[in-house]
Structure formats: structure tokens, C-alpha cells
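The chain contents come next:
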Amino acid sequence: MFLAKSLTKLFDGLAAVQDVSFEIKQGEILAIIGPNGAGKSTLFNMMTGTFKPTSGLVFMDGHNITGLKPYRIVTKGMARTFQTTSLFDQLRVIDNLMIGYKWRTGLGFWNTLLHTPKWKAYQTEAFLRAMEILEFLGLTDKSEFFIPALSQEEQKRLAIGIAMMGKPRMLLLDEPTGGLIQEETDRITRLIQRIRDQGTTVCIIEHKMQMIMGLADRIVVLNYGKKIAEGSPEEIKSNQAVIEAYLGGEVHA
Amino acid sequence: MFTKPIHIKLFFLAVLIAALLLPLFISDAYMFQVVIMSILFAIATCAMNLIIGFTGQASLAHGAFFGIGAYGVAILTKAGVSFWLALPAAAVMAVLIGLPVGLISLRTRGHYFAIVTLCFGVIMWIVAGNWIELTGGENGIFGIAPPGDILVPLIGRIDFSSQAAQYYLALAFLLLTLWALYRIVYSVFGLTFMAVRNNEALADAVGINTFTTKLISFEAANFIAALAGGLYAIVIGAVSPSAAGYGLTFNFLIYLILGGIATLSGSVIGAFAIPILMESLQFLQDYQLLIFGALLVVVIIYFPMGFVGGLRRLNQIIADRRRRKKSEAVHVSG
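Protein chains in written order, with my numbering: chain A, 1 to 253; chain B, 254 to 587.
Everything labelled a hint here was simulated from the structure, so no lab data went into it. Honestly, I wouldn't trust all of these hints.
Stated by the list, open to error - Footprint (simulated), chain A over chain B, 3 or more residues, beta carbon under 8 Å: (1) 439–447; (2) 561–574.
Stated by the list, open to error - Below 30 Å or equal to it, Euclidean Cα-Cα: the simulated DSS-like pairs (lysine-lysine) are: (3) K579(B) <-> K142(A); (4) K118(A) <-> K257(B); (5) K331(B) <-> K579(B); (6) K120(A) <-> K579(B); (7) K262(B) <-> K142(A).
On a predicted model such as this, the values are computed, not experimentally measured, just so you know. Just so you know, even glycine gets a beta-carbon here, dropped at the ideal spot from N, CA and C.
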């Protein structure tokens, strides 16, 4: 469903990502792992249009989406979250979610000003979708809360919820459990599994090996901007290059 | 979803009735003029609120677009065009001029956007003072006739040469502006403005074209500012470069900040209260601006959301206290 072809990104001549190719299959959970500075986030940013690749191509469902702006990429069915929990922290939970549905509607200037029948239909549609997502996230009773009143974990869940609002076919998560304790990490892991079970393909960047080994169907390993391994968690666990480069000669699993 | 509590609605209704009855109680022509001016400035401040308060883009070209409206109406009515055509024409002109300005300036962010738009504001002010054939230079344009009579069913012919009629005209435009902003701000579309203000990268990532969103907000603000400027031209009966000056921009900005940024009522309160406050500080003479400046600094530090923001915080504190008392009571009885 998704294909990255020889992606390369140079920053002032230095390669942050070099000739990385991989595929994401419909309905799977693919993890991208690697030590700090391996180029995971740069790769992510190229996939979602935040960075333009220096060379290489990105395909979604066979369409070339290389170099499209992030807001256009979303309409191709790919949504993302950010590494540092990124929310609209001046707005309420429900408002945060509604914004995520806007691109699917015709809620523009004139429809809104004139309250056309279309406006009513779309506004209701967005509201119902937000209610659905709130329930999915388990945040229904907090819909009117402002963001600072939410716990760290709730904020992470909401960030995923905002991305889910637009009904993406593929969800890209950048360290969704960063800074969380084990118990919270487990809950987020279950949430990600439920998202996949609903039919959304997931691509995830993570540091927590134990969590990834249990969650991912396949893993891509980066080191110094290059792909050094790809395979199932079992294959990765026993891959010599990965053990040397990333795990420091020891597997914590 | 976005409804306000009933006591606030009743309060707004009371304010509206008072506003409608006001001409019966004002006998002083000077005071009346001040009130009409405040309404026009309130309209312009509301518009500024859209781009600065809700969209978070500090456009300092606002006075220039007010001026384009004022000069547009002045020049067109002098050329024999009816005011009722000249006003929308001037507002559309502001939008057309705003298009290249927005397309260029909105590529910059934060302070840079403020500087670029301020530059445009200053340029327009200089143009107004120097393009003598068109604008009359420093002397400006005088003798702008009041709007022609219009026939309204049931009410009959309205003559706009009286102050009361001009008052109602300005009030109608203020209500229209508030109605439009209310619809925009309290909607999913309005949320996208706030999304751009709050977190542009995330807004982009959830499918919002942030550039277009900013441009729409900028142009809507320019359109409304020009309407206010056009009304200003016929109420005063003359325009001069100060009606397009950056001084005006900063006046609007002060009304906006002190009244309460990103609140609909704040802009109106600011536009009415600040001129009155300035008048009442008149006795300080040379120290007037000094004291006012100190006041401004205090408000920005302690009430960054202005008067309305302060009220809301007070309301929140009271509500929290009540809730806590209630839950304590439950604990005691339980």
C-alpha cells in the first residue's frame, strides 16, 4: 500500500537518510527502529511531506506523493502524529478532534457564513465522528476539557485521535509512548492494536524494544541513515548486524 | 455545542436594546459623534481580532485597509457614484489590494509578518499624503456628502443626513460584523483559524491548508476594515492621511488587547471604553500618555487576555470554588 523508494535526505551535504527503501503492507504494523540520530524522524518527515527528499520517491496506493505538502498527503489517506505530543493546547478536546475532520468536509467560508444545508450536514457529521473517536479513546467524559487538564497519557491518546478523525487508511506514529511509564505504555499499545484491528495500517517509530517486539508484524532497522535490516521481530532479534549496531551486542527482549 | 448560558444572552439583549434606544437620550452632538466613531472603530477592531486574535497573525496593515475604504468612498462619491455602490466597491478594492499584500507577507511568520504588514501600512499612509491628484495630499478630501436617501418598506424614506440615522447605519454594520464573526468563529471553519494560531505544524498535518486559511482571514479582516473606513468617510464628511495611518492601526491594537484578544465582545468593549478612559485621563495633561502607557503595560502583564479575559478568569475561579464547596458538602454528608 505504501512504498518508499531509495529515499535520501542530505542536510548541508550530510546524509541523514541514505538510500532507504521499504514497503508497508495493507493491514500490518510496521515499526521503524534505530538508535538516536539514525534518521527515523527524518524518514518519517519525508514520508509525510514535512521534508522534501533530496532524492527518492514515495508512493501511496501506487500514486506518487513525493514532495506533496503535508495537508495534501493527509487527503491521500495518510495521517501522522508528532514525537513531542502535539495538540491544540488552547482549545478543548472536542475542538481538537473536530479540526481533524475539516478536510473531509466542505466547511469553508461561505458555507459557514450562510449556514447552508450542507454546512449543517457537515457540522453534524464532524460532531458525530468526534463522538465516535472520543469513545474509542475513552475520553468521552473529558470532551469539554482543555488540554492542560489532561494527563500525559490522555494527551498522547488524543494526539492519535486527532490523526484518526479523518479516517486515514494508514497511520504514522512517531514515538507514541515516549515519556510514559510501563502501565500507560501497555494501554497505548492496546489502543494501537485496536486501530489496526479496525483495518488501519500502522507505521510506528519507537525506542521501547520490548513493546515493539510484541506489537510489530515487521521491523525496519536504521543505523547512520541506512537500512541495516528488515524482517519479523524474531528475525530482527537474531540479526547480527542489528545486535552489533543497535543493541550493543545484547538483546533486551 | 457552542451555546452561551442564558444570563449572558439576556445581558447581550439588554445591551442591544440600550443601543437601539440610545439616540433618544443623547442630546449633545459632540458626544453623539464620539459614540458613532466608537462604533466604527469597534467594527474595525472586530475585524482586526479575526486576523490577530483568532488567526494569530499580527497584521499591522489594518489602518491602511481602513484608509482604503475611507478614501475609496470619498473618491467615488465625489465622482458622483452613489454611496450605496461606493461602499461595497471600496471594500472589494481593499480585498483586491490585500491579495498581493497577503500573498507576499503571509509567507513570513511572527514578527516578520508584523514588520512586512507595518511597512505596507506606512506606504499607504505616505501614498495618501502625497498622491495629490487622487487623495488631495495632506489636506485630504472634504465635503463628502451623506448617503442618499433610501426607501425602506414599512419605515418609508430614510434620510441619512441626521446623526441618528448615521448612528443606526453604523450600528447595523456593527451587528452585521458581529453576526458574521460569530458564525465564523464558533464553527469548525473558525476552529481552523485557531488551529493555525495555536500549532501551525499540526494544523498542516491534519489537512488544513494553513496558507489559504490565513489568507481568507486576512482578506475578511481587510474587507470589514474597509467597510468601517467607508462609513467613517461619510460620518466625518472628510478624509485625511491620518484615516489611513499606522497610528490608527495601533489604536485598534490597543482596543483589541485591552478589551480582550480573541473574544468577540472584547473588541467592542475596548473600542468604547478606551476613548472614554483617555478622555477621563485628560486632567493629567502632559502625563496622560505616560500614565496610559504604564496602565497598558500592567494590563498586558497581569491580564494578557484583556478585560473580557479577566472576567472569564474571575468567572472560572468562582465556578471552581462553588464546585469544590459542593463536593466538600457531599463528602461531609456522605
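Hint check:
Look at the stretch 439–447 of chain B against chain A: 7 of its residues bring a Cβ nearer than 8 Å to a Cβ of that chain, three or more, so the hint holds. Using a Cβ-Cβ cut-off of 8 Å, 0 residues of the stretch 561–574 of chain B lie near chain A, which falls short of the minimum of three, so the contact claim is violated. Simply put, K579(B) and K142(A) have alpha-carbon atoms about 20 Å apart, close enough for the 30 Å limit, and the pair holds. Pair hint K118(A) plus K257(B) holds up; C-alpha atoms about 24 Å apart against a cutoff of 30 Å.
Using a Cα cut-off of 30 Å, the hinted pair K331(B) and K579(B) is violated, with the two alpha carbons roughly 66 Å apart. Simply put, K120(A) and K579(B) have alpha-carbon atoms about 38 Å apart, too far for the 30 Å limit, and the pair is violated. This hinted pair checks out: K262(B) and K142(A) have alpha carbons roughly 26 Å apart, not beyond 30 Å.
The structure fails to meet hints 2, 5 and 6 from the earlier list, while all remaining hints are met.
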